[in-house]
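Chemist: Okay, so the sequence shown: first residue is 1 according to the UniProt record's numbering, each after it adds one.
Hints may be right or wrong, so weigh each one.
[Unchecked claim] Keeping only pairs whose Cα atoms sit at most 25 Å apart, straight-line, the calculated PhoX-like set for lysine-lysine is:
#	residue 1	residue 2
1	K6	K50
2	K50	K159
3	K120	K50
Bear in mind the hints are in silico, worked out from the structure with no lab data behind them.
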Amino acid sequence: MLTLIKADLHNPRHTQDLLQQLNAYALDPMGGGAALSPYSQANLIAELQKRQAMVHAFLAYEAEQAAAFSICIEGFSTFACQPLLNIHDFAVHPDFRGRGISQQLMRYICDYAQQLGYCKLTLEVLEGNHPARQLYLRQGFATYELDPAMGGAIMMQKKLS
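Just need the whole structure built from these sequences, with the hints factored in.
Modeler: So, in structure tokens, the structure goes:
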């Protein structure tokens with residue numbers, strides 16, 4: 001039995017489960033292969049709580065055990081002049097993979113975003129993360145381009161100290 005919920009960032013069980021799930025994801029090669037820093041572990045929930053109007057976290061439980069999670073952050077589409085929801089983190093714990101949990105959690109997030117009137121969902125995925133890419137394609141995600149002659153968008157970052 002799978003239970004999908006929007007996590008309450010003030011519920012100690014939810015916050016503990018989110019941190020454990022995020023750390024398991026961070027330890028995975030697709031999450032960087034290193035545990036969350038002590039700073040992140042100590043401060044993440046408080047920082048998310050400060051932004052709770054724009055942060056939407058989700059948990060999937062199987063038999064009362066946290067099996068998957070997602071942390072989404074509201075953004076804004078200037079072209080559509082509407083809010084969007086960015087799926088910032090999305091992972092199924094390794095012990096629960098291969099059971100269709102990711103598909104159910106993604107559908108739950110999509111339904112949630114539609115109910116709140118978001119114009120679209122966005123996410124980033126590593127090129128080599130083939131299972132995740134296949135999931136996203138099956139769920140209707142596509143690469144982003146405005147004009148095919150200009151090519152697709154490229155995700156870039158610049159770390160600031």
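Chemist: The structure should be examined with respect to each hint, and the outcome stated for every one.
Modeler: Hint by hint, here is what the structure shows:
With a C-alpha separation of about 17 Å, the suggested pairing of K6 with K50 holds against the 25 Å cut-off. Simply put, K50 and K159 have alpha-carbon atoms about 22 Å apart, close enough for the 25 Å limit, and the pair holds. Straight-line distance between C-alpha atoms of K120 and K50 comes to about 24 Å, which keeps the hinted pair within the 25 Å bound.
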